[in-house]
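One-letter residues, chain by chain:
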Amino acid sequence: MNAIEVSGLVKRFGDKTVVDHVSMSVAEGEISGFLGPNGSGKTTTIRVMCGLLTPDEGEGRVLDHDIRSEGLRIKREVGYMTQKFSFYEDLSIEENLTFVARLYDLDPVSVRDTLEDLGPTSRRKQLAGTLSGGWKQRLALAACIMHRPKLLLLDEPTAGVDPKARREFWDEIHMRASAGLTVLVSTHYMDEAERCHRIHYISYGKLLASGSVAEVIRDAALTTFVMEGDDITRAAKLLQGRNGVDQVAPFGLTLHVVGRDGVALEAAVADVAAETGVAYKQGSTSLEDVFIQFMGQSTDNMA
Amino acid sequence: MSAMFSFRRLMAIISKESIQMRRDRITFAMVLGVPLIQLVLFGFAINNDPKGLPAALVTTSQDHYTRAMVSAIENTGYYRFDHVVASAAVAERLIQSGAVSFVVTVPSDFARRVQRGDHPQILIEADATDPSVASGAISTLGTVAAQALLRGQSAEALAAEQSTAALEVVVHRLYNPEGITQYNIVPGLLGVILQLTMVMMTSMALTRETERGTMENLLAMPASPLEIMLGKVLPFLVIGGVQVVAVLTAAKFLLNVPFVGSLTLLLVSIFIFVLALVLLGYAFSTPARTQIQAMQLTFFFFLPSLLLTGFMFPYRGMPDWAQVLGEIFPLTHFLRIIRAVMLKGADLQGVATPLAALMIFVAVFTLLALMRFPRTLD
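Protein chains in written order, with the UniProt record's numbering: chain A, 1 to 303; chain B, 1 to 378.
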């Protein structure tokens with residue numbers, strides 16, 4: 001059984017289709033990354049999955065409960081961490097946790113355990129509103145998993161969090177997943193996407209790709225050349241708009257040139273290399289290259 | 001544990017609300033401060049039947065008829081002759097500048113005309129820019145003037161005069177014989193205070209969840225709409241109870257407003273009224289996205305209610321359409337109950353109609369609140 005199994009989900013706000021026939025599945029115990037640019041429908045899709053929004057079309061089961069009719073059961077077995085910190089800023093850490101524990105009908109012991117896990121007991125009386133971004137995120141995560149959910153939905157959990165806290169956060173997620181927790185996490189960060197077992201890419205409400213990182217890169221069928229030399233700035237200018245060239249992006253002292261049509265791309269690159277005297281060789285396509293390709297294509301679709 | 005309702009979840013929400021209420025010092029101070037300030041202002045500062053108003057006397061003669069008339073006017077308590085002037089022009093300047101509210105002119109031939117029985121006249125000019133200032137003072141004058149003249153006249157004339165008085169109108173000012181404004185205002189004030197604070201605080205407490213984004217989280221957790229609603233409403237009922245005790249105590253011991261009816265009946269009515277208000281505030285909060293909007297909605301409702309419910313101005317004095325409009329405010333019905341119970345000693349039967357109206361409000365608002373409550377973020 002998959003933890004999440006949705007098909008043909010459509011959600012409209014007014015005449016705007018925010019989620020457009022999205023079908024996806026997340027296997028139990030898997031960490032799934034949910035990627036896409038801002039406003040692509042990630043948050044809406046997650047809200048539909050946890051019963052906060054009713055889909056206009058489509059069906060879905062989350063933890064084998066119907067997302068239309070069994071919202072209350074889903075709520076009890078799912079932990080949902082919102083994009084914006086949404087615990088009570090005028091309550092202390094301890095009061096927030098106690099509130100959550102009582103709503104889920106948990107033993108007070110679970111609050112004590114969670115507080116111990118969180119660290120220094122001196123902070124427990126601190127109002128949540130005065131916590132730093134990293135601490136707010138730790139509190140939110142702790143509150144979401146206190147009732148031992150089977151599925152964790154995380155909506156851009158690491159936005160505005162420093163790298164060390166992000167690392168710790170992902171270590172925690174992996175630890176929980178190995179203990180059987182299923183995680184769906186939306187993110188902008190490529191390094192985070194690469195920490196997921198599988199990724200789903202959504203843009204303008206449409207799911208464009210699903211699979212492991214390697215699969216998504218392979219399926220995108222892009223060719224990449226890396227150019228290196230003194231004159232790469234001029235090379236970049238010359239490459240713009242050439243047949244077969246989809247992306248030109250400087251990476252430090254090198255230039256990444258990406259395209260869908262490998263033959264045309266190589267011809268263009270060889271041409272420019274001869275003219276500017278820079279060296280070139282075939283490189284490996286990165287996940288970021290693929291996403292930028294996706295973003296360029298979907299904007300075209302919208303226009 | 002039932003899926004739809006759990007006492008533990010309800011208690012969780014109540015205790016969370018109570019902590020937040022305690023932390024929000026300004027709101028908390030307002031809830032207790034507003035009733036006290038309003039009570040002092042309305043209780044001590046406002047008077048619809050003002051007395052001892054400054055007046056100017058224009059007279060040139062000093063005969064005993066004039067003196068009798070002036071002292072009779074002064075004895076009504078409404079006039080205080082600060083200025084005695086000889087010319088009408090001076091008096092006009094005084095009333096125009098607002099230095100006096102009345103100008104009483106006793107013509108120089110007043111005494112002669114009285115003696116001749118030739119329609120003596122005195123002129124009273126009142127500054128009627130504010131009608132309520134003048135009305136009480138003027139209404140007493142007719143009888144006063146007649147009596148004053150009688151006393152000034154001889155015994156035979158007195159007898160003759162009395163024989164002609166075939167019709168006598170007797171007026172009893174029931175329930176409030178002295179016409180003390182506070183007796184009318186203070187019970188009404190309890191309704192107004194409850195209305196303002198209960199509706200506003202409830203609507204803001206719920207909107208705060210939407211505004212701060214905590215509603216999304218609350219909805220994602222297993223709390224049912226009924227639990228959330230009760231959890232939000234009950235703490236405010238307690239606050240309302242505190243206000244009721246404060247105002248009733250102050251009314252009794254500070255302002256000496258009589259309480260002739262049944263306290264139990266009043267408390268039951270208050271409870272139903274507060275319940276209606278809190279539910280109304282709850283219903284207000286559902287379309288509002290921000291606390292400011294909730295506040296604006298509250299005032300949009302609050303201001304006409306001050307004017308149309310009979311709190312400030314007589315309900316019966318309004319045109320029919322305004323009276324119909326007034327019926328849609330719970331406060332209108334509550335004012336009828338509290339004034340009837342406190343001042344007139346009405347029993348359950350006496351207030352059955354307005355009480356039933358309040359119950360209808362409760363039922364309608366409950367339905368509205370539950371229907372409008374966002375189970376989802378749609």
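Accuracy of the hints is not assured; some may be wrong.
To be verified - Only pairs whose alpha carbons sit at most 20 Å apart, straight line, appear in this in silico SDA-like list of lysine to any residue:
| id | chain 1 | residue 1 | chain 2 | residue 2 |
| --- | --- | --- | --- | --- |
| 1 | A | K84 | B | T181 |
| 2 | A | K125 | B | I19 |
| 3 | A | K84 | B | A145 |
| 4 | A | K206 | A | S92 |
| 5 | A | K84 | B | P304 |
| 6 | A | K84 | B | T290 |
Read the hints as simulated data drawn from the structure, not as lab findings.
The structure presented is a predicted model; accordingly, all values stated were derived computationally and were not measured.
Here's how the hints hold up against the structure:
1. K84/A <-> T181/B: Violated, because 54 Å separates the two Cα atoms, which is more than 20 Å.
2. K125/A <-> I19/B: 13 Å, holds
3. K84/A <-> A145/B: 78 Å, violated
4. K206/A <-> S92/A: Roughly 40 Å separates the two Cα atoms, so the pair is violated.
5. K84/A <-> P304/B: Roughly 39 Å separates the two Cα atoms, so the pair is violated.
6. K84/A <-> T290/B: 17 Å, holds
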